[in-house]
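Q: All chains, please: the whole structure from these sequences, using the hints.
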Amino acid sequence: MSDNQNLLAEQRRALILDEVRRRGGVRVNELTRKLRVSDMTVRRDLDALSRQGVVEKVHGGAVPVVEASTHEPGFEAKSGLEQSAKEDIARAAAPLVAPGSAIALSGGTTTYALAHHLLDVPDLTVVTNSVRVADVFHSAQRAAAHGGSGQRPGAATVVLTGGVRTPSDSLVGPVADQAIRSLHFDVVFLGVHGISVEAGLSTPNLAEAETNRRFVRSARRVVVVADHTKWGTVGLSSFASLDEVDTLVTDSGMPGGAREEIREHLSELVVAGERDAGGEADI
Numbered sequence: 001m002s003d004n005q006n007l008l009a010e011q012r013r014a015l016i017l018d019e020v021r022r023r024g025g026v027r028v029n030e031l032t033r034k035l036r037v038s039d040m041t042v043r044r045d046l047d048a049l050s051r052q053g054v055v056e057k058v059h060g061g062a063v064p065v066v067e068a069s070t071h072e073p074g075f076e077a078k079s080g081l082e083q084s085a086k087e088d089i090a091r092a093a094a095p096l097v098a099p100g101s102a103i104a105l106s107g108g109t110t111t112y113a114l115a116h117h118l119l120d121v122p123d124l125t126v127v128t129n130s131v132r133v134a135d136v137f138h139s140a141q142r143a144a145a146h147g148g149s150g151q152r153p154g155a156a157t158v159v160l161t162g163g164v165r166t167p168s169d170s171l172v173g174p175v176a177d178q179a180i181r182s183l184h185f186d187v188v189f190l191g192v193h194g195i196s197v198e199a200g201l202s203t204p205n206l207a208e209a210e211t212n213r214r215f216v217r218s219a220r221r222v223v224v225v226a227d228h229t230k231w232g233t234v235g236l237s238s239f240a241s242l243d244e245v246d247t248l249v250t251d252s253g254m255p256g257g258a259r260e261e262i263r264e265h266l267s268e269l270v271v272a273g274e275r276d277a278g279g280e281a282d283i
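Those letters in the sequence shown? Residues 1 to 283, per UniProt numbering, in order.
Errors might be hidden in some of the hints.
[As the list claims (entries may be wrong)] Derived DEER-like restraints, expressed as beta-carbon distance ranges: (1) P99 x R217: 21 to 27 Å; (2) P95 x G53: 31 to 37 Å; (3) V164 x H138: 16 to 22 Å; (4) G162 x S139: 16 to 22 Å.
Everything labelled a hint here was simulated from the structure, so no lab data went into it. By construction, the Cβ of each residue, glycine as well, lies at the ideal position given by its N, Cα and C atoms.
A: Set out below in structure tokens:
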């Protein structure tokens, strides 16, 4: 690692988490040297990561938490992870949405970030099973109304499916499945718990897996928005193979070997903020 003395806490903790996952554990004194920060700063960072449930503190350092395939973190816990990467991904994915199109946004903190970047795209129809995503659009419309401008011309029409609420604030189950089954989308944006060549797209929630399958079947184009930490993670239930995905939008932390595997199965890989070797701009 280079001189990270002036890194924000969020960036520093992301680097620590990457180091823990890559090496299987780290020691406090190693991190103080690499990050060029105090022992106390590193311990505070490890405390924060431990509270988020992504590392386990041990004597003198930390190791990664090995989660069961059925473990599903809550929305708040997930929203604190990889925030910069999710924002980059959202910014890169937004241009894939054309004015006047019908889109679907699944649950997840990355689709939540994307929703904020779609508020100014005119005449959208947005179908979502995410309470949080729906709130992004509804809050913007209420703010416009309270500002005296009323309903903005071209404001999105938002449809929130019914269903049973999950820890990640998604609505799933037969009610959601039935609503999605009768609809047709130009593009669906999927957040995922895990992505791998063998398991494809997966989630720890069986009911959410079925709802996501409905989204995939109802869309002309399937776009996955997932940061690099999702690669190699496998949840209890798979809901789509990589061959069913048209585009993966990820961040620059995705390892080179993983990118090659992904390109073998997907027609398009977008790495936010980078330019690939062939000279085509990855948004």
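Q: Look at the Cβ atoms of V164 and H138 and judge whether their distance stays inside 16 to 22 Å.
A: The hint (16 to 22 Å, Cβ to Cβ) holds, given that V164 and H138 are roughly 21 Å apart.
Q: Does the beta carbon distance between G162 and S139 stay inside 16 to 22 Å, or does it fall outside?
A: Since G162 and S139 have Cβ atoms about 20 Å apart, the given range 16 to 22 Å holds.
Q: How does the Cβ-Cβ distance of P99 and R217 compare with 21 to 27 Å: does it lie in that range?
A: About 25 Å separates the Cβ atoms of P99 and R217, which means 21 to 27 Å holds.
Q: Given the range 31 to 37 Å, decide if the beta-carbon distance of P95 to G53 lies inside it.
A: holds (34 Å)
Checked against the numbered hints above, the structure violates none of them.
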